[in-house]
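A.B. asks: All chains, please: the whole structure from these sequences, using the hints.
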Amino acid sequence: DQQVKQNSPSLSVQEGRISILNCDYTNSMFDYFLWYKKYPAEGPTFLISISSIKDKNEDGRFTVFLNKSAKHLSLHIVPSQPGDSAVYFCAASRVAGKLIFGQGTELSVKP
Amino acid sequence: GAGVSQSPSNKVTEKGKDVELRCDPISGHTALYWYRQRLGQGLEFLIYFQGNSAPDKSGLPSDRFSAERTGESVSTLTIQRTQQEDSAVYLCASSLGRVGNSPLHFGNGTRLTVT
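For the protein sequence lines, the chains are A and B, in the order given. With our numbering as the guide, the letters of the first sequence map in order to residues 1 to 111. With our numbering as the guide, the letters of the second sequence map in order to residues 1001 to 1115.
Honestly, I wouldn't trust all of these hints.
Each pair of labels, with its calculated beta carbon distance range [claimed, not checked]:
1. B:S1066 to A:S108: 38 to 46 Å
2. A:R61 to B:S1066: 38 to 46 Å
3. A:N7 to B:N1010: 43 to 51 Å
4. B:S1066 to A:E42: 23 to 31 Å
5. A:E15 to B:S1058: 38 to 46 Å
Here are the simulated EDC-like pairs of lysine to aspartate or glutamate, each with C-alpha atoms no more than 16 Å apart in a straight line [as the list claims (entries may be wrong)]:
6. A:K5 to B:E1014
7. A:K98 to B:E1044
8. B:K1017 to B:D1063
9. A:K38 to A:E106
10. B:K1011 to B:D1056
11. A:K98 to B:E1085
12. A:K56 to A:D31
13. A:K38 to B:D1056
14. A:K37 to A:E106
15. A:K68 to A:D24
16. A:K71 to A:D84
17. A:K38 to A:D84
Derived by calculation from the structure, the hints in this document are not laboratory data. Predicted, not measured: the structure shown is a model, and the values here were computed from it. Each residue gets a CB set at the ideal place from its N, CA and C atoms; glycine is no exception.
C.D. replies: This is the structure in structure tokens:
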């Protein structure tokens, strides 16, 4: 039972353009959502989070959007840079619950 | 060091042997998590500690897997009678508070290969 899904295994974007990574979830009880970035041979690093009481959170070039009615989460990176090339995981949890991850989307930003 | 430390970074073992993986969380972090990532897959939850107790161990795949945490610090994940399907990267993470209030900080993982 995959409660958090990232349906695009890969995404390729030109440097300077916007990258949009998508995530869908099935459990309406989730109330905390996060995005992580992972380089090869390293652990995931935290990027940005959003609680269910908000619909948008921004941090520099990264913005996360939450659409609770659609159970959909997205991460926008603008402008995209070659150093952003990595695997991006979305994750969701209930308060005091475990963090459940999607399968990841590999982003490639071409110079 | 300031981050989560895991050892060994790589482990190759023969099928049927026992292995022990170690995690040193960030000092002061009360919550500690173990995840597993098989090749080409997402992160699979194994077990979560709050202090030295494990309120959620629902992700442990079988009774060959066990974990403990002592002194609200170091944790060890033990896999007995390893099987080839246990091959994966085992990731440990810690957080200052409960999930929902603070993000998880991950170590670089232990890559386990069972031959």
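A.B. asks: Confirm or reject the claim that N7 of chain A and N1010 of chain B have a C-beta distance inside 43 to 51 Å.
C.D. replies: The hint (43 to 51 Å, Cβ to Cβ) is violated, given that N7 of chain A and N1010 of chain B are roughly 32 Å apart.
A.B. asks: Under the criterion that the straight-line Cα-Cα distance not exceed 16 Å, is the pair K98 of chain A, E1044 of chain B satisfied?
C.D. replies: Holds - the C-alpha atoms of E1044 of chain B and K98 of chain A are around 11 Å apart, at most 16 Å.
A.B. asks: Given the proposed pairing of K38 of chain A with D84 of chain A, does the C-alpha separation stay at or below 16 Å?
C.D. replies: Judged against 16 Å, a Cα distance of about 10 Å means the pair holds.
A.B. asks: So if I understand the rule, the pair passes when the alpha-carbon distance is 16 Å or less; does K5 of chain A with E1014 of chain B pass?
C.D. replies: Roughly 34 Å separates the two Cα atoms, so the pair is violated.
A.B. asks: Can you tell me whether the CB distance of E15 of chain A to S1058 of chain B sits inside 38 to 46 Å?
C.D. replies: 43 Å, holds
A.B. asks: Verify the CB-CB distance for R61 of chain A and S1066 of chain B against the hinted window 38 to 46 Å.
C.D. replies: This hint holds: roughly 42 Å between Cβ atoms.
A.B. asks: Mind checking the alpha carbons of K38 of chain A and E106 of chain A for me, to see if they're no more than 16 Å apart?
C.D. replies: 9 Å, holds
A.B. asks: Do the beta carbons of S1066 of chain B and E42 of chain A sit within 23 to 31 Å of each other?
C.D. replies: 27 Å, holds
A.B. asks: Can you confirm whether the C-alpha distance between K56 of chain A and D31 of chain A stays at or below 16 Å?
C.D. replies: 14 Å, holds
A.B. asks: Please work out if K98 of chain A and E1085 of chain B have their alpha carbons no farther apart than 16 Å.
C.D. replies: 23 Å, violated
A.B. asks: Does K68 of chain A pair with D24 of chain A here, judged by a C-alpha cut-off of 16 Å?
C.D. replies: Holds, at about 10 Å.
A.B. asks: Hinted pair, alpha-carbon criterion (16 Å max): K1011 of chain B, D1056 of chain B. Please report holds or violated.
C.D. replies: 26 Å, violated
When held up to the earlier numbered hints, the structure conflicts with 3, 6, 10, 11, 13 and 16 and fits the remainder.
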